[in-house]
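Asker: Residues per chain, in single letters:
2 protein chains.
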Amino acid sequence: MTKGMNQLLFSAVSVEQVKEVLKKYLEEYEPDIEEVDLLSAYNRVLAEDIVSQEDIPAFNRSTVDGFAVKARDTFGASESMPALLTLVGEIRMGEQTDIKISTGEAAKIPTGGMLPEGSDAVVMLEYTQLMDDTTLWAERPVAPGENVVTKGEDIRRGSVVLKKGHTLRPQDLGALAAVGIDKVKVVKPPLISVISTGDEVKPPGQSIKPGEVRDINTYAICGEVMKWGGQPLPQGIVRDNFGDLYNAVKTALGKSHAVLLTGGSSVGARDHTVKVIESLGKPGVLAHGLPVKPGKPTVVAVVEGKPVIGLPGHPVSAMVIFEIIVRPVISTMLGRPEDYGGTRVLARLSRNMASAAGREDFIRVKLERRGEELWAVPVLGKSGLISSMVDSHGLAHIPPHKQGVAEGELVEVEIY
Amino acid sequence: MTKGMNQLLFSAVSVEQVKEVLKKYLEEYEPDIEEVDLLSAYNRVLAEDIVSQEDIPAFNRSTVDGFAVKARDTFGASESMPALLTLVGEIRMGEQTDIKISTGEAAKIPTGGMLPEGSDAVVMLEYTQLMDDTTLWAERPVAPGENVVTKGEDIRRGSVVLKKGHTLRPQDLGALAAVGIDKVKVVKPPLISVISTGDEVKPPGQSIKPGEVRDINTYAICGEVMKWGGQPLPQGIVRDNFGDLYNAVKTALGKSHAVLLTGGSSVGARDHTVKVIESLGKPGVLAHGLPVKPGKPTVVAVVEGKPVIGLPGHPVSAMVIFEIIVRPVISTMLGRPEDYGGTRVLARLSRNMASAAGREDFIRVKLERRGEELWAVPVLGKSGLISSMVDSHGLAHIPPHKQGVAEGELVEVEIY
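Chains as they are written, first to last, in the working numbering: chain E, 872 to 1287; chain P, 872 to 1287.
Please keep in mind that the hints were generated in silico from the structure rather than gathered at the bench.
All of these numbers come straight from a predicted model, not from anything done at the bench.
Mixed in with the good hints there might be a few duds.
Remember, identical chains collapse to one label, so a pair may be satisfied in a single copy or spanning two.
As the list claims (entries may be wrong) - Capping the alpha-carbon separation at 16 angstroms, the derived lysine to aspartate or glutamate pairs in EDC-like fashion look like this: (1) Lys1237 with Glu1285; (2) Lys979 with Asp1262; (3) Lys1237 with Asp1115; (4) Lys1153 with Glu1278; (5) Lys1237 with Glu898; (6) Lys1126 with Asp903; (7) Lys1035 with Glu1209; (8) Lys1253 with Glu1017; (9) Lys1054 with Glu919; (10) Lys895 with Glu1175; (11) Lys1073 with Asp1053; (12) Lys1073 with Glu925; (13) Lys1273 with Glu950; (14) Lys1073 with Glu966; (15) Lys1080 with Glu925; (16) Lys1080 with Glu966; (17) Lys979 with Glu1243; (18) Lys941 with Glu1283; (19) Lys1253 with Glu1024; (20) Lys1080 with Asp969; (21) Lys1034 with Asp1262; (22) Lys1121 with Glu1175; (23) Lys1080 with Asp926; (24) Lys1153 with Glu966; (25) Lys1146 with Glu1209.
Turn these sequences into a full structure, and let the hints guide you.
Answerer: This is the structure in structure tokens:
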């Protein structure tokens, strides 16, 4: 943590400032590392640079079934004027051969076979004719290196195959196997506690009385944590009073790397959240209220090095704030680039949308392809409506310097 | 399976035809179902339609802190001419109230509170002044329904919240919780055996001799299976002879829903694959050779209702064929739409690329944003090079009716 960082950023600061300050506090965060089998490493984050100890392939390798030759012996060859070659043997799969190719000679080779010494190209089987046991016609010329992967052409010894912080895709598992790695060090998912608050909030598995609602946010937010590589620790529903909230946050801080509170979007509930955070440790609240729509009633805090984020109570607002504040926190904890993942596309907004200068707006949209263009059609609805998130494909972003977007203007859409 | 379906489609049929025939054979596939807790259902596929048994919210609900009123009592109100209202009580969170709002009356209400009978809107706290214990000034008018989510506005009783075959995102978990569901029936991942073949192929954890290579495909292909929702059963490396391959495929068929063979791209190895499949059951091989680049040496078969796919040996080709043939098979087995997942964008190709009419080409590309346009820059390299998959962002598609794409032309890119 940098000296002088514990300035409080109250309402109306920019989202970028809040993220910047949060990031500084995370500089000293050290993720836990574990070693796993390669097949268990899919979608995990590398905790080390992988440097190849070998050239891949380790030898010049044929990419076709055919005959290994000296390329220059085939120059000018055609169907009417084939190159005449002497067959001196056959390369067997997976084995080194002691055959040597001299001028005018060829050896049969399978796809993946190791080129014999002296050869530099392979003529494909279909462009050859075997006249007798030792006489071969090549009916097409090959250039040096043709139909061959040369030693080290795929991955060079000493090169960095994959970098620390990279999230392993299927092809990356393949590349690690190629260089002989069957176990890798990966980052353990950070543990993220999720506390739902509200006297009116009940778990989904029980019936509710008039005035009560079900706990949507625990499920939507734990889902987001999983989606972005964290391990959620759902802490249940806590009543909206200082004592219960204090105990819940304190317990959660003891067993997790970050704490998310959801709900409590009424003024009184937010006051409890702020008081609880301030009484638990330093530096406490960094920002209270963000210039974001939807998502204004947000509390961003750090307690003894751990982020504590009070998300708004409305599910859509909670998910928007998760996206812009919590997701980069989890990525940083995993050692991923802060902007890891998600797919952003440019699309034309289908109607005028107003915004306020200095405020970032996130609009739920459906994406439609119209001819060669992608259009974003706003799904309007109050931020309390979870159905509007279910029915949309992504969030269009109106940046803080804009006062609105006109119909047909390009906007950036983050696809769910 | 439809009568008359067991036609064999040999080389040079279109990919669409092969997919169509495979799909017919999968019509009788019945996935296994399991019931899981809502939090374990993230990214799983729903095995049932979810119909809401309730209106959500179950009551008219305030979206702000303020005062519940009859909207018409505030019409024309302003700072200089506030509406005068009588405060008759306070709504408590999570509780039904017996307060009734008559003309000229108001009741204090928190965000999420249940509107009292007779009220139809909420004036926000910041636009009111409490003059004494029972006298309230409202300084702005509200329209009927303003700052209120009405009963059933989010999700209507009897409506389908989510459909069978839908893959559950975070917001979907939230919507299921909202309607009171804490356990859901989801599809079990199909078991997909992955067999690697080749006398020269060795596992990554051991040193190799000249002529030998490491098993890339088991890892890349098992990664793909996981990515698209299947459960991979890696069967290790099998030597390239009829007996070993026969035993391996037979064993794999006994314990999985589909079998993928990788490697064996030499002519001899492909012949083994075809003979083994033909000897194991009907209908056997449907297509041998596909008009796809890279990916031609592919064997598509069905044995006793189970897909058996011989992928090409080159890792890039194997991954391309996985993408176009195997991924839709897994999606169909899961009950997902066949084209589920993946993100396709339109981008301009950065250079001319030739193709052959009747052949589908897939080009590894990096995506670059140039101004407002997205460009796809081909990553050239032989299909044996796993590094070209690691270094690219997606596959650009040249459809079979085109003989090439000119620089600047739009292509569809499937992002990894």
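Asker: Checking against the hints above, which ones are violated?
Answerer: 2, 3, 4, 5, 13, 17, 18, 24 and 25
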